[in-house]
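Trainee: Protein chains in written order, with my numbering: chain L, 1 to 384; chain E, 1 to 288; chain B, 1 to 89.
None of these hints come from the bench; they were simulated from the model. Even glycine gets a Cβ: it sits at the ideal position worked out from N, Cα and C. Certain hints may be false.
Cβ-to-Cβ under 7 Å is the rule here; a few derived chain B residues that face chain E [what the hints assert, rightly or not]:
#1 W12
#2 V14
#3 L22
#4 F47
#5 D49
#6 R71
#7 D75
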Amino acid sequence: MPAKTILTGVHFMNGDEAIAEGAIAAGCRFFAAYPITPQSEIAERLAWRLPQIGGMFIQMEDEIAAIAAVLGASWGGMKAMTATSGPGFSLMMENLGLAVMTETPCVIVDVQRGAPSTGLPTLVAQGDMMQARWGSHGHYEIIALCPASPQEAFDLTVKAFALAERFRVPVLLMTDEVVGHMYERVEIPPEVPVAPRRKPRVPPEEFLPFQPDPDLVPPMACAGEGYRVHVTGLTHDERGYPDMTPEAHDRLVRRLVDKIRLFPEEYTFYEEVQLADAEIAVVSYGISARVSLGGIELARKAGIKAGLFRLITAWPFPDEAIHKLAQRVKGIVVVELNLGQMSREVERAVRGLVPVHGVFHAGGRIHTPEEVFQGIEEVYRQCR
Amino acid sequence: MPVKVTKAAPELVPGVRHPLEKWLRTDRLPHIWCSGCGLGTALSAFLYALDELGWDPDSVAVVSGIGCAGRVAGYLRLDTYHTTHGRAIPFATGLKLAKPDLHVIVFSGDGDLFAIGGNHFIHAARRNMDMAVICVNNFNYGMTGGQLGPTTPVGARTTTSPFGNFEHPFNLVHLAASAGATYVARCTTLDGRRLQKALVEALSHKGFTFVEILAPCPTNYGRRNRLGEGLDELRYYREHMVIKHGADPKEADIAPGKPFLVGKFVDIQKPTYLELYQAKAREIGGEG
Amino acid sequence: MSELQERVAKRWKVPKGHIYVLEEFCKGCGFCVEFCPKKVLAQASHFNDKGYHPPEVVDPEACVLCGFCERICPDFAIWVEEEGKSDAG
């Protein structure tokens, strides 16, 4: 039974397990969650690992309590994470808003499954993508990453913690049941950078807890550090005191958005496969991107030059990259396990330059390469 | 408006000393609570208790929910967290487990803690999470205009029971005791130094502790139930409260017109969640 | 919200020390007047900016400095100070 914090070496593990190890490697020592398929392996692995390495695991009474505990632990100075699936993700939305408003770094994993409602508890879907963007009330910016393999699940979990600390924002890891449950080679390096938390550089008498640095992110003084900070979900000023004027509100909300939007180069990740000479681009993410490679292979065999643009960062959406893509291909196919969520973003970014065709399925199974190929053929016909 | 820093000079009045000013964000006073509201009294009693305990203010964190009682967090010159409705307790759980040396106190109202927050209350009590929960019970949802809540007495008029409440209310003392709280007390805002003593005991007692503080809400609850001034409700408490330590929590029901019990109901010792977790970690050869 | 620098507290001498009243914070609830065991206080005929009548000391000799007014006041508007304790913080 290993008690090492970072399991360096080559492993054969599933996405859920890789997420758990990624969190530990990134320095996460607090995990609170409520059981829900297909997240279970994340919680179960952390229940086993965390007590062995001086970390804290707690199974809370519901998902609302889980995310609330994560926020509390973050203010207690720890790197904290929770994991869930659709129904729990919905429950977490109010406190996700609290995390955004109080600029609390944390990581939330959604292992997506068939929905809406109880849906298909054990089967794949990708229907929570828009919810990831706008699930909480009010206007805000959020970062969401989509792994397409267990290896990437490990890597992106590490990245998620780094982005959470950098931007003082909850970061969402939007994976799916297939990536969560598939077993693949995962290589864990000897060490992984543990992102530092930005701390105050002045003594308490001079510190304004919500006065941002030039990059619009304020340093964070946690509980017990002598700074005596008031943290509230109410609209507040630089002192953290409630300030319910329209001016303060507009100023605060804009800063919460701008602090992320103005730095796309720090979080916009995507992968291009065979796009150099492509006439048709397939835009996809997560497990659907893996299947899309099969469809692209069929298309190439049939003489259609197709390639894959794989979204790794779903939010903020890579408008510029997609628009540039539309300038060099003749048509775009979006493959996702929902009836059109990221495809709308693609259409928006393409701004009518080329036809955008969707290959959709509500979930319960992944697409077949043939379905993707048919979609490629369809748009190829449209743009002739 | 000039922007001042959060740990500014604590004077309430220049050149004069108020005994509690070091605990208060004096730049945010006077507070928003109504004339005759019991929250200010409850807050004062809490601060006298902190004074008596002699804790380093930097080691104290207060977590509140939403409602009039939730506003307490904003007036305290401590690390304070004004969280979402009903969710102060799980937030406090994470905070305490991340930094066990902190003294973590939850300060909120009857609706926040026992309606929307009820599930979190019973589980934190069940686990014996090491924190004190102070509930200011004014028998309604005051901030939102005086709706009925889980402690509204039978027959009371509120904005959502305009014809008289027919729902049976919680007996919070009984609920807390049954759920596993290791210290349970009830006072009113009239209890002066007795209230301070109960809070000192609750705050220094290891494990999940609970103090219910009955408080007037003249603007809403009082006004609709012939207790229209804070004084009316305090006089009601004086006439009906019976101090009895060690009583059976089941006897602590509050019914209109009948005497009600105040005092200490539960005072026991049990291992906390963290103690059990650390013991288990050591048992499996981990780092505790 | 009153500016910190402008606040002024009224002060009365009583046998064992002083009673302070920060009139502008008083919300006229009447608790201190009602529950003072020695009937030291009464509501003043003047009122503050918010229209509330603050308490005033009408029988200073009766005060035993029990401090109950300070305890019951919800608004940090009245407090006592024992003789010999320093004024400023």
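Trainee: Against each hint, give a clear statement of whether it holds in the structure.
Mentor: Consistency of the hints with the structure:
Annotation: interface hint on W12 of chain B violated; nearest CB of chain E at approximately 13 Å, more than 7 Å. The beta carbon of V14 of chain B is not positioned within 7 Å of any beta carbon in chain E (closest approach about 16 Å), and the interface hint is therefore violated. A cut of 7 Å between beta carbons decides the hint on L22 of chain B: the least distance to chain E is about 6 Å, and the hint holds. With a least beta-carbon distance of about 12 Å to chain E, the hint placing F47 of chain B at the interface is violated under the 7 Å criterion.
Here the hint on D49 of chain B is broken, as its CB sits about 11 Å from the closest CB of chain E, past 7 Å. At a threshold of 7 Å, the smallest CB-CB gap from R71 of chain B to chain E is about 5 Å, leaving the interface hint in force. A distance limit of 7 Å between C-beta atoms decides the matter here; for D75 of chain B the minimum to chain E is near 5 Å, and the interface restraint holds.
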